[in-house]
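K.L.:
Listed below, chain by chain, are the residues.
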Amino acid sequence: MNRALRILAPTIVGLLFLGGWEWLVQARDIPPYILPGPVLIGQTLVRDWASLLPSLVITAQITFAALFVAATLGLALAILFAQSRVVEMSLYPYAVILQVTPIVAIAPLIIIWADNLWLALLICAWIVAFFPILANTTTGLNSVDPNLRDLFRLYRASRWQVLVRLQLPTALPYFLAGLRISGGLSLIGAIVAEFVAGTGGSSSGLASRILETGYQLQIPRMFAALVLVSAFGILIFLCLTLVSHLLLRRWHEEAK
Amino acid sequence: MNRPGSVSLLRLDAVGKQFPGGVTAVEGVSLDIAEGDFLALLGPSGCGKSTLLRMIAGLIEPSEGRLAWGADMAGRIGFVFQEPTLMPWATALRNVALPLELAGTPRAEAERRAREALARVDLTGFESAWPRTLSGGMKMRVSIARALVTRPRLLLMDEPFAALDEITRHRLNEDLLRLWRDERFTTVFVTHSTFESVFLAERILVMSPRPGRIAAELHVPAEDRATPEFRTSSSYAAHCRAVSHALSAAMAA
Ligand SMILES: Nc1ncnc2c1ncn2[C@@H]1O[C@H](COP(=O)(O)OP(=O)(O)O)[C@@H](O)[C@H]1O
Ligand SMILES: [Mg+2]
Chain V
1 MNRALRILAP TIVGLLFLGG WEWLVQARDI PPYILPGPVL IGQTLVRDWA SLLPSLVITA
61 QITFAALFVA ATLGLALAIL FAQSRVVEMS LYPYAVILQV TPIVAIAPLI IIWADNLWLA
121 LLICAWIVAF FPILANTTTG LNSVDPNLRD LFRLYRASRW QVLVRLQLPT ALPYFLAGLR
181 ISGGLSLIGA IVAEFVAGTG GSSSGLASRI LETGYQLQIP RMFAALVLVS AFGILIFLCL
241 TLVSHLLLRR WHEEAK
Chain C
257 MNRPGSVSLL RLDAVGKQFP GGVTAVEGVS LDIAEGDFLA LLGPSGCGKS TLLRMIAGLI
317 EPSEGRLAWG ADMAGRIGFV FQEPTLMPWA TALRNVALPL ELAGTPRAEA ERRAREALAR
377 VDLTGFESAW PRTLSGGMKM RVSIARALVT RPRLLLMDEP FAALDEITRH RLNEDLLRLW
437 RDERFTTVFV THSTFESVFL AERILVMSPR PGRIAAELHV PAEDRATPEF RTSSSYAAHC
497 RAVSHALSAA MAA
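Here the protein sequences line up with chains V and C, keeping their order. For the first sequence, this note's numbering assigns the number 1 to the initial residue and increments by one for each residue that follows. For the second sequence, this note's numbering assigns the number 257 to the initial residue and increments by one for each residue that follows.
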């Protein structure tokens, strides 16, 4: 009942919204280059699928590559921080600076410096996605139950044993929560960076499709590209939620 | 104060602990613990019982005095906390096997001994249970099995049953006593319950607060405890009364 409602309720809201939208467009006779109705957007999506798909693939590649690098590097740096307070104190402020600097402001520089656009977009997406993983994992590694830590000390556990058997398992739920946030952020990073790059022409992800349809007033196609971006973001979130659920269901309270 | 012929396992010599910031948690504790003793540390909350126990475990250093061991204790001390302190990401069996695995015991051997330890606390059949599926009493049994799996010479327990309901606590008291009678590991049991200390321990050290000192030592001879239905016997009541008086005196001082 509750479960069905959780799917049914938002579906009904969504259908009502789309219905109202379509009705408004029809009743007011709004031209498609101002606001296309959902039916037209759907038709455009089907018609232009073949030309939009390659762009989606490129955006997806950048997003996943950025997320992978962010996860690996965030985890590695968090482990390094957990080993040494001095390293943590020396580097953490710079991670924060990287996080608070708006990506649109530094994207042009990165695009100039990196000799390959794909790499530039990857770096931008990574900068946006990296911090939640680092911050969450660092918190997790420091959240070890003090009694368990004492127990490990009592049995003369090595640093390595403490890390692998105590700190990393404790940090796992924190890491996964960071990953879920970063999944969405790396998509945003990839899109934003491509927007910045796109004003100079020459890239071919979904953001350039959106830009180019804007210039050409192909608004239904622009909406179709937008739908793809959102759908892809939702898919990332659902996948990461599923992974997190599978990894934690046996022991973590939240994941029941 | 030892039984004649008993072997000293640990002697505390004017041991004290002052925390940075000035709190003197423990002061001038001298004490001889013999092999096979069951000793209770009884006192109100905040009188330094945990601090004393953690010094014995080697988890904190005393700031005064010294501890002299009668044997090599590397890996031979078990500790049971007030909370079960299990790793939620590991099954009961893996939790119990932890001390052995940390010491490098091969996995199969560690598992066999962990099974055996779980059997000793009546948890056969729960090897693959996850901690969150176990009741409070069962979690505490897993915690005790983990402490016993290394066959410790010294078992330290810090108010292990304080958070449990009375019925569960009584059962665990009885089971602990049975294990101790079978295996004779030396036990230091911290409690703030007069009744629990009399039921379990042969030697009861009453601690006074601020700074924590040993105010009195009382004995419950094994012959008294051997009476059937000890918990409802007049001898038990008499011992409880004596310990209770000693505790009141220690608090007033
Ligand atoms: N790590 C610590 N730093 C400073 N003070 C402490 C620390 N641990 C315990 N204390 C203080 O020492 C006193 C005794 O604490 P504790 O040994 O935990 O008492 P008990 O176990 O008898 O309740 C308390 O006043 C407590 O606040
Ligand atoms: Mg305590």
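I should point out that these hints are in silico values taken from the structure, not numbers from a laboratory. Note that the coordinates shown come from a computational prediction; the quantities given were computed from them, not determined experimentally. Quick reminder that beta carbons are idealized off the backbone N, C-alpha and C, glycines included. Mixed in with the good hints there might be a few duds.
Below, a sample of chain V positions facing chain C; criterion: calculated Cβ distance under 10 Å [as the list claims (entries may be wrong)]: (1) 16; (2) 153; (3) 158; (4) 159.
K.L.:
Now, for every hint given, state plainly whether the structure supports it.
P.N.:
Here's how the hints hold up against the structure:
| no. | hint | in the structure |
| --- | --- | --- |
| 1 | 16 | violated (41 Å) |
| 2 | 153 | holds (6 Å) |
| 3 | 158 | holds (8 Å) |
| 4 | 159 | violated (12 Å) |
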